[in-house]
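Given chain E, work out where chain B should sit, using these hints.
So the protein lines, in turn, are chains E and B.
Under numbering that gives the first Met the number 0, the residue at position 629 of the first sequence is numbered 628, and the numbers go up by one with no gaps.
Under numbering that gives the first Met the number 0, the residue at position 117 of the second sequence is numbered 116, and the numbers go up by one with no gaps.
In short, the hints are calculated from the structure, not lab data.
Keep in mind that a hint or two might mislead.
[Said to hold, decoys possible] Okay, derived cross-link-like pairs now, DSSO-like style, lysine-lysine, Cα gap no bigger than 30 Å in a straight line:
no., chain 1, residue 1, chain 2, residue 2
1, E, K325, B, K355
2, B, K505, E, K325
3, B, K317, E, K55
4, B, K412, E, K42
5, B, K317, E, K325
6, B, K505, E, K55
7, B, K505, E, K251
8, B, K355, E, K349
9, B, K317, B, K412
10, E, K58, B, K505
11, E, K349, B, K412
Here the structure is a predicted model, which means the values were calculated and not measured.
Here is how the chains run, residue by residue.
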Amino acid sequence: MAASIGNITRVSSSLKTFTSLQQLQQNAIRMFREQERISSGRKLLSISDDPVTAEKITKLMQSLEGQDQILANLQHADSNLTAADSALTEISDLLIEAARIASEQAGSFSSADERASQAEIVDGIIDALMNVGNRSFRDNYLFGGQSVTTAPLSTVFGRAGLMGDYGERRTVVDRNFTSSYNIAVGEVFQLDGDVSGGYADWNVQLNLNGRLSELNGALGSGIRLGRIAVTIGAAPAVELDLAGCGTLADVKSKFDDAFGGSGLALDINPADGATLRVVNGSGSAIQISEVGLGTTAADLGLRKSAGAGVNILGDDLNRRATLTTKLSDLAPGGVALPAGVTVTIGQVTKTVTFTGATTLQDVLNRLNGTSMGIRASINADGNGIEIENLVAGTAMVIGENGGTDAETLGIKTLDRGVQLSRLNGSIGIHPVSGNDIRITGADGVAFEVDLSNAKTVGDVIDAINTASTAAGASIAASTNNGGAGFRLVDTSGGAGNIVVEAANLSPVAAELGLLKTGTPTALEGDNVGQFYQAGIFSALYRLRDGLAGDSSVEITEAGRQINELQKHVAAVMGQVGARAGAVRSRVDQTQDAVEATQILLSELQDVDFTEAVTRFQQAQTALQASLLTTSQTMNLSLLNFLS
Amino acid sequence: MGLTSALGIGRTALAAYQAALQVAGNNIANVGTPGYTRNIADLSAIAGANSRVGQLGNGVYVSGVRRSVSEALNARLRTAVSDQSSAQVETGNLDRMEGIYNPLGNINLGTLMADFFKSLGDLQNNPEDYATRGLVINSAQTLVHRIRDIRGDLIDLHDDLNSQVETATARADELATQIANLNVQITTAESGSGGQASSLRDRRDQLLSELSGLFEITVREQPGGAVNVYVGNESLIQFGQSFGLKTVRELDANGILKSVPRFKHNNGTVTARSGEVEGIINARDTHFDNQIARLDTLASGLIWEINTIHAGGTGLQKFSNITSVESVNDPSLALNAADNGLTFLPKTGSFFIDVKDSSGSVVRTQINVDLDGIGTDTTLNSLAADITANVSGVTATVLADGRLQLTANAGLKFSFADDTSNTLAALGINTFFTGSNSIDIGVNSLVASNPNLIAAAKSDLAGDGSNITAMTMIQDTGLASLGGVSLNDFYTSTMADLAVQLSGAKSAYEASSAIFDSLTVQRESISGVNLDEEAVALMQFQRAYEGAARYMIVVDEMLQTLLSLVR
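Chain E on its own, in the form it takes in the complex:
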């Protein structure tokens, strides 16, 4: 910036020197800066040149880095989904081949030899499917879930065994938004089609040391911590902030600290163990309400009032079971597991005992530690244990080991809650019009049962017991201790044997495993409720076994299942394709965004060379002019004219 000359009256020699130097310096600096801009290609040499633009540049650079990462994530997801899509096409082709075999061999024209040879082809299809299921992509098992370093399928008891999990692999595909890019082998082959167990509806008891996050809350929305207001008598409401509490003990501690002096105390209602209670020793009416739009009091089930001397009794907080839930909290008074259970896979049976187990995780560890090809976990609702049969085409039965532990845990394979359609390897039962079974007790009293409306095992048991009572018989039905069959017990004291026969030519007695003669006191039904893994491998084993055993019924059923599974695979392919499409669309969008950001960044950051060169030339011209004028003015002096 040139010095302001203002209204000066004379120009001294040093002033000429000063202004000349100023001009030379300024022009030199200007030229140097332009030179720097041209050589660096950047518009800004310092953030102070234009703080606003500098901030924009920093933000855009951050944005670009983020977009680059998202692009890398999307490309990673895309490559995985593309690989999955390719594998799914192979699976689909193999299933088409299996379906063709089932279709061709289901008719009665094929000989046993022909079917046997086709069984070998099915074996090959199973092997091929296992290979695809264990496909590796970039050193990871493509369908391994989150267990990417363990083959998701292996041979267990001679059959395909599921080793993989259902874990999602997610990646950030947008700012603070993630998306799953994998599909687990269980989903691909529909091995997750069904689980056993989960039949006990636990009434999990509250525990002061349990996390508040385990509670569904009285409104079913969890516990949203905030402030509550407590009114005692006519005194103004006092607010209590419960934010930061981690357990019910923390809530109790804060509540008692705030209102203990007024005679109030918070505890777990001993009457049910599932609700909170405010013990009112204040001698006045009390009320608990929300503060503002809060929901804490309602979530805790305590948005209530009570008269003097009356306690506030909260609503059920619906605690979910977790790994750390103690067995003593599973039900009022706790549960005892003194006998253990039996686990049978195929022909192998193991006994699992729960001695020393104190938590649900101990129970799960015992079950999962059997190496029997089962996987036990807590269900999503947190109110039961579900059991997966990991071995395809192989029956699984969990029964009692002389006690009722399986029933207590809700994992007995044939339970009241089991759908009848699952029986007999998912063939179910086929009631006829009218009565289906005829039962004769040891005392000779006979009755018939109509099961045409029965949907579940419980319906069957109830129908038999109702008919028995109505007929004056002493027969009581239940599931047997083995875990997969029914049991009839006769308490009449009669001398005859319990006999079950088909009525109206109905196949149901046989389908329920009861078409037999028992003893005077009991009839143990055959196993009809074994649990089979759902999905492609079980269907293919069924087809293979049907072909090898020359069973048209089994081949037909297997063919039906394979046809259904083809639809499933097609649906999975559709999902994968849709996800891949969405990912590619995001890739395109992100690439566009990257390009737009780069353009914007370039506009802000990069120098306009034409402009810069022009400015450089201007600076150069100005410097030349300065040099010239300085040279001229410094040479002029009156002294030159003195003689």
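Frame of chain E, contents of chain B only:
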């Protein structure tokens, strides 16, 4: 008037114009002398005696040699010098801060942060991959080193600023002594001659100008020619005495040594309102402190936010034993007690310890932490006791130095999950970073030496990168530890802050330079030597001298004529 008297008139003229020529010659000689003030010879007619025809003059004499100076302008110039020096030094030091951060460079703190989060992003996609884990460690170490380097460079700058304060103050002290001495010389010189001691005054003006570049000063000229100089409201120079300036090093509230100027005679505080010292102090106490504070906040936020997530996750390998990085002063005090030695404080909540046996079975135990200030709060001792009592196969021990050690029985391994209390992060257990701010930020040596301990997962599965995903998100998520802004935004605002300060300082420098230049022009217009002017004066005085000489010849001839009458 007689002819003898007439000769006297010529003599006075010769003497006067000789003196005037000397003044002009001296001006010409000092045309390039910095701070030189042009002298003007004041010529006055010598009053003559009254005569019948009126008063006839007795010639001419140099009534005085006057400095062409405006003291008011000089005072304004000194203020301008102070302001310009202040702005210049502030700009220079802010420039150095920008250089330290190098925000427009290809590699800077922002890009290194982005690289770190990018490596986390890659790990999210390949959590089982050892090489990718190694890259996370590398990028984290590069980031950590850069943060520490920036702090180191800023501290070097701070030390340099202290040195600058000391050097500038020492120079100011020296100048004050010289000015006080000149006061004495000027007074002595002027009291003897009755005129101005121009060269001494010029020298003093120069020193005052230099002093005003260091401190804003107020100058009051006293009768006799001495000046009193004030810094702020305090007197620095009284006639021939300088009270002197010195620097002392004092610890500020943050425990950082700072050099501050003081008066020597009473150790009084020097209030520097402008000038180089004020610029240095402003750069140090405002801009430096601000940048260090922001760097510390950024580093602290990065450490805490990453660690709180990391501590609740699990790596590809579990621990057979681990010792906390942080220690408490008193293990019997609540963990969140203010004076218990933890930089980051835990809160009420809980965490899980998962113990895995050789068969792969896992037993999870919930450890509650109660820090609500009601009843008995969790201490390190109670935490250790709780873990030992409830976590089967793990023993927790409080070491003599206040750290917590967890050891698993043979054949067992343990890991941590879902810490809502932040206790693990606060104690430095299963953490990624160590340290509390930019001074001591580091990558946990356990993780650095074994990348498989990077807690990428929330589960026990190799392909689970969910914990890393949570970490990648903090770069763009508002964080409580950063006052609700994200790491990226905090960095951006730090650079924007620096840009605005630097831009402001540059503007102030340009404005003060413009004022300084303008005043310099005015001063030079008044006090500067113009060679042409002096040449004209030379000619004028030369001609006058020649005239006087001619006049004396005429008088001499007249005398000769008169004397010839006598013969």
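How the hints compare with the structure:
1. A distance of roughly 19 Å separates the Cα atoms of K325 of chain E and K355 of chain B; the hinted pair therefore holds under the 30 Å criterion.
2. Distance hint between K505 of chain B and K325 of chain E is unfulfilled; the C-alpha atoms sit about 69 Å from each other, more than 30 Å.
3. Of the supplied pair hints, the one linking K317 of chain B and K55 of chain E is violated, its CA atoms being roughly 44 Å apart against a limit of 30 Å.
4. A C-alpha spacing of about 57 Å is found between K412 of chain B and K42 of chain E, which places the hinted pair above 30 Å, so the restraint is violated.
5. Of the supplied pair hints, the one linking K317 of chain B and K325 of chain E holds, its CA atoms being roughly 25 Å apart against a limit of 30 Å.
6. The suggested pairing of K505 of chain B with K55 of chain E holds, with an alpha-carbon distance near 20 Å, which does not exceed 30 Å.
7. Proposed proximity of K505 of chain B and K251 of chain E is contradicted: the alpha carbons are some 61 Å apart, above 30 Å.
8. With a C-alpha separation of about 23 Å, the suggested pair K355 of chain B and K349 of chain E falls inside the 30 Å cut-off, and the hint holds.
9. Straight-line distance between C-alpha atoms of K317 of chain B and K412 of chain B comes to about 6 Å, which keeps the hinted pair within the 30 Å bound.
10. With a CA separation close to 24 Å, the supplied pair K58 of chain E and K505 of chain B stays within the 30 Å bound.
11. At most 30 Å may separate the alpha-carbon atoms for a hinted pair to count; K349 of chain E and K412 of chain B meet this at roughly 28 Å.
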